Amino acid sequence: MEALFGKTLDELTQVAIELGLPKFTGKQLAEWLYQKDIRLIDEMTNLSKKNRDLLSQHYKFGLVEPTRVQESIDGTKKYLFPTLQNKFIETAMIPDDDRKTVCVSSQVGCKMGCLFCMTAKQGFQGQLSAGEIVNQIRSISERNEVTNIVYMGMGEPFDNLEQVLKSLEILTSEWGFAMSPRRITVSTIGIIPGMLTFLNNSEAHLAVSLHTPFDDERKRLMPVQVAYPIAEVVKEIKSWDFGRQRRVSFEYIVFKGLNDSPKHVTELARLLNGIKCRINLIRFHPIPGTPLEGTDEQTLQLFKDKLNDKGILTTVRASRGQDIYAACGLLSTKELLGKGNSVQFG
Amino acid sequence: MPKAEEYRNSSITLKEVIITGNEEVSPGVHLISWKREQNFIPGQVVKITIDQSVAPRIYSVCSGNSEAEIRVLFNVKEDGILTPRLSGVIPGMKIWASNPYGSFKDYGNPAWWIATGTGIAPFYSMFRSGISENKTLIHGARYLNQFYFEDELEWALGDKYIRCCSQEQSCNVFPGRVTDYLNEQKSLPTDINYYLCGKALMVVEVRDLLISKGVPYENILAEIYF
Ligand SMILES: Cc1cc2nc3c(=O)[nH]c(=O)nc-3n(C[C@H](O)[C@H](O)[C@H](O)COP(=O)(O)OP(=O)(O)OC[C@H]3O[C@@H](n4cnc5c(N)ncnc54)[C@H](O)[C@@H]3O)c2cc1C
Ligand code: SF4
Chain A
5 MEALFGKTLD
15 ELTQVAIELG
25 LPKFTGKQLA
35 EWLYQKDIRL
45 IDEMTNLSKK
55 NRDLLSQHYK
65 FGLVEPTRVQ
75 ESIDGTKKYL
85 FPTLQNKFIE
95 TAMIPDDDRK
105 TVCVSSQVGC
115 KMGCLFCMTA
125 KQGFQGQLSA
135 GEIVNQIRSI
145 SERNEVTNIV
155 YMGMGEPFDN
165 LEQVLKSLEI
175 LTSEWGFAMS
185 PRRITVSTIG
195 IIPGMLTFLN
205 NSEAHLAVSL
215 HTPFDDERKR
225 LMPVQVAYPI
235 AEVVKEIKSW
245 DFGRQRRVSF
255 EYIVFKGLND
265 SPKHVTELAR
275 LLNGIKCRIN
285 LIRFHPIPGT
295 PLEGTDEQTL
305 QLFKDKLNDK
315 GILTTVRASR
325 GQDIYAACGL
335 LSTKELLGKG
345 NSVQFG
Chain B
401 MPKAEEYRNS
411 SITLKEVIIT
421 GNEEVSPGVH
431 LISWKREQNF
441 IPGQVVKITI
451 DQSVAPRIYS
461 VCSGNSEAEI
471 RVLFNVKEDG
481 ILTPRLSGVI
491 PGMKIWASNP
501 YGSFKDYGNP
511 AWWIATGTGI
521 APFYSMFRSG
531 ISENKTLIHG
541 ARYLNQFYFE
551 DELEWALGDK
561 YIRCCSQEQS
571 CNVFPGRVTD
581 YLNEQKSLPT
591 DINYYLCGKA
601 LMVVEVRDLL
611 ISKGVPYENI
621 LAEIYF
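First to last, the sequence lines map onto chains A and B. With my numbering, letter number 71 in the first sequence gets 75, and the count goes up by one each step, no holes. With my numbering, letter number 8 in the second sequence gets 408, and the count goes up by one each step, no holes.
It should be emphasised that the hints constitute simulated quantities derived from the structure, not laboratory data. Computed from a prediction, not measured in an experiment: that's the story for all the values here. Hints may contain errors.
[What the hints assert, rightly or not] Derived lysine to aspartate or glutamate pairs resembling DMTMM-like cross-links, with alpha carbons at most 20 Å apart:
{"id": "1", "chain 1": "B", "residue 1": "505", "chain 2": "A", "residue 2": "220"}
{"id": "2", "chain 1": "A", "residue 1": "260", "chain 2": "B", "residue 2": "618"}
{"id": "3", "chain 1": "A", "residue 1": "64", "chain 2": "A", "residue 2": "78"}
{"id": "4", "chain 1": "A", "residue 1": "170", "chain 2": "A", "residue 2": "46"}
{"id": "5", "chain 1": "A", "residue 1": "125", "chain 2": "B", "residue 2": "605"}
{"id": "6", "chain 1": "A", "residue 1": "260", "chain 2": "A", "residue 2": "219"}
{"id": "7", "chain 1": "A", "residue 1": "338", "chain 2": "B", "residue 2": "451"}
{"id": "8", "chain 1": "A", "residue 1": "125", "chain 2": "B", "residue 2": "608"}
{"id": "9", "chain 1": "A", "residue 1": "242", "chain 2": "A", "residue 2": "207"}
[As the list claims (entries may be wrong)] Covered by chain B, according to a simulated footprint, are these stretches of chain A (three or more residues, beta-carbon under 8 Å):
{"id": "10", "stretch": "115–124"}
{"id": "11", "stretch": "221–229"}
[To be verified] So the derived list for chain B, only partly shown, Cβ under 10 Å to chain A, looks like this:
{"id": "12", "residue": "412"}
{"id": "13", "residue": "452"}
{"id": "14", "residue": "454"}
{"id": "15", "residue": "455"}
{"id": "16", "residue": "482"}
{"id": "17", "residue": "600"}
{"id": "18", "residue": "603"}
{"id": "19", "residue": "607"}
{"id": "20", "residue": "619"}
{"id": "21", "residue": "621"}
{"id": "22", "residue": "624"}
Glycine included, C-beta positions come from ideal geometry on N, C-alpha and C.
Given the sequences, and given the hints that come with them, work out the whole structure.
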């Protein structure tokens, strides 16, 4: 049965019209779905019993409970959600002083094959719907305390552009969660067409996974570089007016002896020259069989200082939830894939 | 979804080209062609769409760099947006295509080329451009009729052309996937380059396997058909 949760106001109004309900029922449905803490159509008490029954005959509410929750010693939580296609995704909730940031997944697995990423190892199993993306915020126990959302979980958001944009519409519209887009960041490895459409259609912040400014190195870390080189990604960003409120940042996992040298500082400064941005340095969390190593603390701090000296605002992101594999690059549901779910190469 | 017109603002523009051929080389797999008007490096890709309303998709060039035509090889995704329509083009029809671009190129050193499915395209382009010395080509497919260009490749590369078939058997064809083939090798050369092309999972599994067998990750270059 089709879910109501995940539909936009226009779609909900269409549902109402098709069922012969008043047009304004669409607005009422949106309020119940996105602004009130209920989970059943029968709880929509400003609709008549007859209309609720009619809705229930054709639609389900559509929320999905997590099937597992793990909590880290630092308070980070990792939620496991089943998807419509009988697969699984992970969501991280990272508390920090007065903030609660939810890191949502946009796909089951990922097609991008980054060398340093655990999600990459399971290949791609499917797209998430807008409802499944927003459900990761609506169905966790901290749902009423979420202050920030980052699209940095499993998958590449701009490889599922349509559903990601729809989820952003639901999160930021007055009729939806009414969240400020300034509290949402979408992270990409640089799928240029999707990135341009996102910049055109959303006000949320953009984060780009950079990891090295050098073409040859980046190709080996991130196969996407052969199709969408970082120089082209940056060129597009330079030509975009981000205004005063909207931010662009660059994510940079620091690998020992690979991308932590003075020449990287110089090249980063050259590449990002003219962009008002921030670099977030990320400690590498080793994954099984990886040939890569994280840089040591001293080099990390020095690298940060050198970038700041070059005038690029640079911070080091705190590692959170490492003990429950909720930290950056560690999300994976590979072990939960049944045999029948494995992907064919050919 | 993004509309084709949005790409006009980006650095890779599309222009109309006239289709000169459309051959179904295997069930559901097509090789389409149009006149070549610019030089390219074997391994590069083009963006294609059928009309302004469909966002372009990326395809590897599958022809030599001195041939008169540019060709691309694609398999039809039944529920896909572009490929079912692209499979119906006939000579004389116009489609939109970009100039070749991208940097998946062979650096000239001894190398193993590893592909699955239509991922053979960039390597066939390299081969048709005269690059084949010191190369071993390993092609994986589910069925025997998916070894595109096999007669020509077998003739030219001999035992440096290895076919791996996961669902059917035949003499001269390794029974199993490319990962099975690589796993069976007692040792792999660690001082050569490895080029991988195909779906994400193949690339990731082959890359992990090569690394576990001592190949430095710096020697592995991949193109993923995402
Ligand atoms: C660098 C690069 C090179 C490539 N080279 C080649 C090549 O040489 N040959 C080749 O055959 N392919 C190649 N590809 C893949 C190609 O670009 C297309 O992705 C492929 O042909 C499918 O196009 P399509 O429009 O038919 O399918 P699409 O419409 O893009 O759909 C692809 C798949 O996604 C599913 N899908 C579509 N929309 C949705 C949705 N909203 N929700 C859930 N699932 C959905 C469909 O069911 C389908 O199975 C390459 C890709 C890249 C990135
Ligand atoms: S880092 Fe992101 S884009 Fe790269 S493989 Fe992992 S999930 Fe995909």
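Hint-by-hint comparison with the structure:
Straight-line distance between C-alpha atoms of residue 505 of chain B and residue 220 of chain A comes to about 11 Å, which keeps the hinted pair within the 20 Å bound. About 14 Å separates the Cα atoms of residue 260 of chain A and residue 618 of chain B, which keeps this hinted pair within 20 Å; it holds. For a cut-off of 20 Å, the pair hint linking residue 64 of chain A to residue 78 of chain A is broken: about 37 Å separates their Cα positions. The straight-line distance between the Cα atoms of residue 170 of chain A and residue 46 of chain A is roughly 26 Å, outside the 20 Å bound, and the hint therefore fails.
The hinted pair formed by residue 125 of chain A and residue 605 of chain B meets the criterion: a straight-line CA distance of about 7 Å does not exceed 20 Å. Straight-line distance between C-alpha atoms of residue 260 of chain A and residue 219 of chain A comes to about 18 Å, which keeps the hinted pair within the 20 Å bound. For a cut-off of 20 Å, the pair hint linking residue 338 of chain A to residue 451 of chain B is broken: about 38 Å separates their Cα positions. For a cut-off of 20 Å, the pair hint linking residue 125 of chain A to residue 608 of chain B stands: about 9 Å separates their Cα positions.
Our distance criterion of 20 Å between C-alpha atoms is met by residue 242 of chain A and residue 207 of chain A, whose separation comes to about 17 Å. Counting residues of the stretch 115–124 of chain A whose C-beta sits closer than 8 Å to any C-beta of chain B gives 5, which meets the bar of three, so the coverage hint holds. Chain B is given as covering the stretch 221–229 of chain A, and this holds because 5 residues of the stretch bring a CB closer than 8 Å to a CB of that chain, at least three being needed. A least Cβ separation of about 8 Å between residue 412 of chain B and chain A falls short of the 10 Å threshold, and the interface hint therefore holds.
At about 14 Å, the closest approach between the beta carbon of residue 452 of chain B and any beta carbon in chain A exceeds 10 Å, and the interface hint on this residue is violated. Of the supplied interface hints, the one on residue 454 of chain B is violated, with its beta-carbon coming no nearer than about 12 Å to a beta-carbon of chain A, more than 10 Å. Among the interface hints, the one on residue 455 of chain B holds; its C-beta lies about 7 Å from the nearest C-beta in chain A, closer than the 10 Å criterion. Hint status for residue 482 of chain B: violated, given a least beta-carbon distance of 13 Å to chain A, over 10 Å.
About 4 Å separates the beta-carbon of residue 600 of chain B from the nearest beta-carbon of chain A, less than 10 Å, and the hint is met. Nearest Cβ of chain A to the Cβ of residue 603 of chain B: about 5 Å, under the 10 Å cut. The hint holds. Below 10 Å, beta-carbon pairs count as interface contacts, and residue 607 of chain B has one with chain A at about 7 Å; its hint therefore holds. The closest approach between the C-beta of residue 619 of chain B and any C-beta of chain A is roughly 9 Å, which is under the 10 Å cut-off, so the hint is satisfied.
Taken as an interface hint, residue 621 of chain B checks out: its beta carbon lies about 6 Å from the nearest beta carbon of chain A, inside 10 Å. Hint on residue 624 of chain B holds. Least Cβ distance to chain A is approximately 5 Å, under the 10 Å limit.
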